[in-house]
Amino acid sequence: MKSRALLAFTASALALPGLTAQVRADAAPTQSVVSYQLSAYQEDDLAGQYRVAGSSKRYDINIQQLRLLMPVGETYSLTLNSSLESMSGASPWYAIRRANGSTGIVMSGATISEERRDFIAAGRKYLPNGTLGLNLAVSEENDYSSLSGGFDAERHFNDNLTTLTGGLGYASDELQPSDAKLFGRVAQANKHSTSVFLSVSQILNRSSVIQTSLSITHLSGYLNDPYKLGDIRPDVRTQTAWTTAWRKYIDGMDAALHVDYRFFHDTFGIDSNTLDLNWYQNVGENLQLIPGLRYYSQSAADFFSPTINFAGGQALQSTDYRLSAYGAVSGSLKVQWEVEDFTLSLAAERYRANADYAVNDGPVSPALVTFNRYSLGLDYKF
Amino acid sequence: MNIFWQILFLTLAAPLLASCTPVAAWERGTLASPEMALDPSPLDTALGNHIYFSKEAASGGNSASGGGCGCN
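Here the protein sequences come in this chain order: A and B. Sequential numbering from 1 applies to the first sequence in this note's numbering. Sequential numbering from 1001 applies to the second sequence in this note's numbering.
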């Protein structure tokens, strides 16, 4: 069993190809690159004082990713991505107000084990003044499937100093929650999403570039989380995200600063700000150190409630911690070592969510998550 | 002006408002270095998007991140 609170978001991510387009005139790749990465992350256990029932041991997740980028002729490229995710652990089911007035969390019972597989194919055509891209993706789990596709086009202007990119995407997802009869869950449901984005990139000078993008995603269908008790959400949701990325090379230090900011707003009533800072430090010819710091803050959804209202009938409500007001800080360090055609990478991250980190006041869940992540990756060019 | 139009204005205006200087093609060597890419590591980006997507309410505005999510 797992929660499905924000599944539709994935559709929007899938439907947003092309935002990583380069800001200079693109040329088709001349080499193939195969990449593999193994990652593991463990959520900290739920603090004992909040647990009412179920297991306090939250998820342990392993993810394997495989990616192949290859030229096709002189003006095309093909990218294939596949991932396998396996997870086990418990997740919050609902929250109650206890006799002493405090909030308690009822966790799912037995430890759950599950897998997810996805596959994404993306093709790109390189033109004298831009590119055209197409992608298709499928994802399968025992209780969920997703099929999506997207199209994007980019055009270079102004002596290739400016790039305009736009794209469209669509996703269709189907849920078939497990143990539906036993727990009174919906037996089958669908959701759909349509998204559009527009992006402008600009070379500012010899050492800096900026990209700013606007994306809008409209979701409709079953947007409740079937694995959370009493979770009733609107059946439509429109999300708007404005992102800006700035890259600055620091000559004297042989390093590059990456600054990424995102403002997010949706019709659930959630506003969010994300600031991501990364420092790419070259050390000699073959080594690179990349420390990073990320800050995230969100307001609560209009219908978020810290505790469940059993007399709520069909009124909108959710105790999902992901719709709570909170902030999160994460720090990371990645090391990359290049040896001829191979690049080995090691990364670690510590993520901590806390109500005190939030920019906005609002109702808060005590089930906020903290986790450690470790990744090991290998690239090979040929 | 509602929030949509404010965001649209900022999105389109930001690069234009920035102080740009002409950069000839032969002066773009630094910009072409891997560490200056908007997305230097697609696998890391996909992984990060997927993990944050499963823990946070906000998403989008970044590179494609994979299929239907194992949110927990």
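Just so you know, the hints here were simulated from the structure itself, not pulled from any lab data. Where hints are given, some of them may not hold.
As the list claims (entries may be wrong) - Pairwise CB distance ranges (calculated):
no. : chain 1 : residue 1 : chain 2 : residue 2 : range
1   : B       : Thr1030   : A       : Ala28     : 18 to 26 Å
2   : B       : Ala1032   : A       : Thr75     : 14 to 22 Å
3   : B       : Thr1030   : A       : Leu293    : 44 to 52 Å
Stated by the list, open to error - Straight-line distance between alpha carbons at most 27 Å, and here's what the computed DSSO-like set of lysine-lysine pairs gives:
no. : chain 1 : residue 1 : chain 2 : residue 2
4   : A       : Lys381    : A       : Lys125
5   : A       : Lys181    : A       : Lys248
6   : A       : Lys334    : B       : Lys1055
7   : A       : Lys57     : B       : Lys1055
8   : A       : Lys381    : A       : Lys334
Claimed, not checked - Short derived list, chain A residues pointing at chain B, Cβ under 7 Å:
no. : residue
9   : Ser35
10  : Tyr50
11  : Ile203
12  : Ala256
13  : Arg322
All C-beta atoms in this analysis are idealised placements derived from N, C-alpha and C, irrespective of residue type, glycine included.
We went through each hint and held it up to the structure:
{"no.": "1", "hint": "B:Thr1030 / A:Ala28: 18 to 26 Å", "result": "holds (22 Å)"}
{"no.": "2", "hint": "B:Ala1032 / A:Thr75: 14 to 22 Å", "result": "holds (19 Å)"}
{"no.": "3", "hint": "B:Thr1030 / A:Leu293: 44 to 52 Å", "result": "violated (24 Å)"}
{"no.": "4", "hint": "A:Lys381 / A:Lys125", "result": "holds (21 Å)"}
{"no.": "5", "hint": "A:Lys181 / A:Lys248", "result": "violated (56 Å)"}
{"no.": "6", "hint": "A:Lys334 / B:Lys1055", "result": "holds (22 Å)"}
{"no.": "7", "hint": "A:Lys57 / B:Lys1055", "result": "holds (16 Å)"}
{"no.": "8", "hint": "A:Lys381 / A:Lys334", "result": "holds (20 Å)"}
{"no.": "9", "hint": "Ser35", "result": "holds (5 Å)"}
{"no.": "10", "hint": "Tyr50", "result": "violated (17 Å)"}
{"no.": "11", "hint": "Ile203", "result": "holds (5 Å)"}
{"no.": "12", "hint": "Ala256", "result": "holds (4 Å)"}
{"no.": "13", "hint": "Arg322", "result": "holds (5 Å)"}
Violated hints, listed in ascending order, are 3, 5 and 10; each of the other numbered hints is respected by the structure.
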